[in-house]
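Engineer: Following the hints, complete the assembly by docking chain Y onto the known chain W.
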Amino acid sequence: METSVENELITRNDISLRVITSEKIRDIVKGIKRVKRSHRQIRAENVFRRTLVIIGLAMVVLVVGIMLTLIVQSIPSLKALGIGYLWGQTWDPVRDVYGALPFLAGTLLTSFLALALSIPFSFAVAIFLGEYYPKGWLANLLKNTVELIAAVPSVIYGFWGLAVLVPIVRSMEASIGIPSIGYGIFTSSLILAVMVIPYAASLGRSMIQMVPSNLKEAAYSLGATRWEVIRSVILPYTRSGLFAGVLLSLGRALGETMAVTMVIGNTPLMPKNIFSTGNTMASVIANELGEADKMVYNSALIELGLVLFLVTVVINMIGKKVISRFTNE
Amino acid sequence: MESTIVKSVDYNAYFGDNHVVKNVNIEIPRNNVIAVMGPSGCGKTTFLRGINRMHELIPGATAKGKIMLNNEDVMEMHPIFVRLKIGMVFQRPNPFPNLSIYDNVIAGYKLNGIKLPKAEKDKIVEHSLTRVALWKEVKDSLTKKGSFLSGGQQQRLCIARAVAMEPEVLLFDEPTSALDPISTSTVEELFHELKKNYTLIIVTHNMQQAARVSDRTAFFYMGELVEYDNTKQMFTNPTDIRTQNYITGRFS
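So the sequences go chain by chain: W and Y.
FYI, the working numbering numbers position 85 of the first sequence as 85, with every residue one higher than the one before it.
FYI, the working numbering numbers position 210 of the second sequence as 210, with every residue one higher than the one before it.
In case anyone wonders, no lab produced these hints; they're calculated from the structure.
Be careful, since some hints might not be right.
[What the hints assert, rightly or not] Simulated DEER-style distance windows between Cβ atoms: (1) W:E147 - Y:M77: 34 to 42 Å; (2) Y:T248 - W:E147: 54 to 62 Å; (3) Y:T236 - W:S206: 49 to 57 Å; (4) W:L108 - Y:G113: 33 to 41 Å; (5) W:W227 - Y:E224: 32 to 40 Å; (6) Y:E224 - W:G31: 58 to 66 Å; (7) W:N214 - Y:T239: 35 to 43 Å; (8) W:L138 - Y:M77: 23 to 31 Å; (9) Y:G113 - W:I71: 51 to 59 Å; (10) Y:D240 - W:Q209: 39 to 47 Å; (11) Y:R92 - W:T312: 36 to 44 Å; (12) Y:I114 - W:L62: 53 to 61 Å; (13) Y:E126 - W:L108: 47 to 55 Å; (14) W:Y133 - Y:E224: 29 to 37 Å.
Every residue gets a Cβ at the ideal spot worked out from N, C-alpha and C, and that includes glycine.
Bound conformation, chain W alone (with noise of 0.2 Å):
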């Protein structure tokens, strides 16, 4: 009886003791530590803060000098075609004239004509991923597949364009009069088509999904369809999104550069309707640039490049200001 009572309080007081010192040594440890940490976490912040800073600054360096490349590079031609250079319609290297126009044209008719053949087709999958059936097999299967096309190579595409769809190009114009090439704009917008879907698609869905339910649920108690739930509330919710997802497969399509070039048949002409052969100012560049030994076509080709970037960010620009006359409404 006495041994135990013993026991008991030999025991409390050892849990204690023990308690009491392990808990002061913890103080004092954290106190050391607290002091050297503090100091450490300050000079880390400052190292994290001018790192981003660098790293912000540089992104900036870097497009101003490749800016200021293309227009170095581009003196010697600027200087011998002067602005001529852009309505220029003749491109012959031999001669030393060279005219961007036909080229301009080329990319902003494929660029165009590919936007307006894939968005009825993004829109659709981004309504149908959005709004219809978010989840469920069938979703994943739709969204992987769409996203496998962002990643395909655009060698494969040129590659396909040229085995499948040109001679199916080709028959069509057989059969409806015209010279039957294959080749062309028409061909190389189809391929853009199927190439830009992503973008505006993966967008468009990630912009459909983020539609307040509330607002959607208030459409549907006064009656609305599915039908009539997306198109007065959610497009006019998600214009601006919807938008800004076309101005990336717009801008895809402005670049894109080596399955334009293999099926579009490079010839250096302005092209007469969607059907005709012509060229894109990126597959010019890439096509002819290892080849350009003379001074001027070289710089030439850097002035298309030029071209090429101004382009794009006028109409990133332009692309812009829309988004936020959206946005503000």
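Structural biologist: Here is chain Y on its own, set in the frame of chain W:
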């Protein structure tokens, strides 16, 4: 003798395998205010959303049983016609942010593709906004966006939007829980006016509100309709022990 407008017969609602409303039988008399109260997760909102077939909009949600509206089973009707006859007001005011106050009131017509002459629309807008005591406050700013109004005004705008469709029944899902006390009392006063023309079913968390505004009260607990009676009777002399416990605040 009051006639019954809504009657549920063995109504059950599920989310997947989760049985959230269990065998509810209730008769709701015309031109009355019915309060539906109960603790969180008791199925009261699900039951309310079942009445106008909003419940099944949620993926995986299903329902069984009958809900009779004037002797017609809404479970057999097309949900769109059901929702035209049974309007709904939600917990958070949800006017369409891209529409003006005017367009918000006639949004139901616009959504359903019903074209009306301007004079007719003006009449509906004025009439509906007057019904919710908002006309005087907004008649000079009808072209402004709905989101420009205060929370209480927005909620009344949403009621006007539902009223504009001339439904027979109006469902309210905790209509004042996002409002300040003054807006709450304005909305509560509205209920007395609205019940002259409509039957109101109001889900509320707030027992005092149920006692203040309703003619009859239904108490839900764990998905079951525990008690349904005159509000006075319910709050002074409840028959079920669970109702008693809830009213006296023993659980909430």
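Engineer: Are the hints correct? Go through all of them and say.
Structural biologist: So, going through the hints one by one against the coordinates:
The given range of 34 to 42 Å is respected by E147 of chain W and M77 of chain Y, whose C-beta atoms sit roughly 41 Å from each other. Under the hint 54 to 62 Å, the C-beta atoms of T248 of chain Y and E147 of chain W, about 58 Å apart, fit the expected range. One distance hint, 49 to 57 Å for the beta-carbon pair T236 of chain Y and S206 of chain W, holds here, with the actual separation near 54 Å. L108 of chain W and G113 of chain Y have their C-beta atoms about 38 Å apart, which keeps the hinted 33 to 41 Å range intact.
Between W227 of chain W and E224 of chain Y the beta carbon distance is about 38 Å. The supplied range of 32 to 40 Å therefore holds. Between E224 of chain Y and G31 of chain W the CB atoms are about 59 Å apart, so this pair conforms to the stated range of 58 to 66 Å. A beta carbon spacing of about 37 Å between N214 of chain W and T239 of chain Y agrees with the range 35 to 43 Å that was offered as a hint. Roughly 29 Å separates the CB atoms of L138 of chain W and M77 of chain Y, a value that falls within the hinted 23 to 31 Å.
Against the hinted window of 51 to 59 Å, the Cβ-Cβ separation of G113 of chain Y and I71 of chain W comes to about 55 Å, which satisfies the hint. Under the hint 39 to 47 Å, the C-beta atoms of D240 of chain Y and Q209 of chain W, about 44 Å apart, fit the expected range. The hinted window of 36 to 44 Å between R92 of chain Y and T312 of chain W holds, with their beta carbons roughly 42 Å apart. Between I114 of chain Y and L62 of chain W the Cβ separation comes to about 57 Å, which falls inside the hinted range of 53 to 61 Å.
At roughly 52 Å, the beta carbons of E126 of chain Y and L108 of chain W sit within the given window of 47 to 55 Å. Taken as a hint, the range 29 to 37 Å holds for the pair Y133 of chain W and E224 of chain Y, whose Cβ atoms sit roughly 34 Å apart.
The structure is consistent with each of the numbered hints, conforming to all of them.
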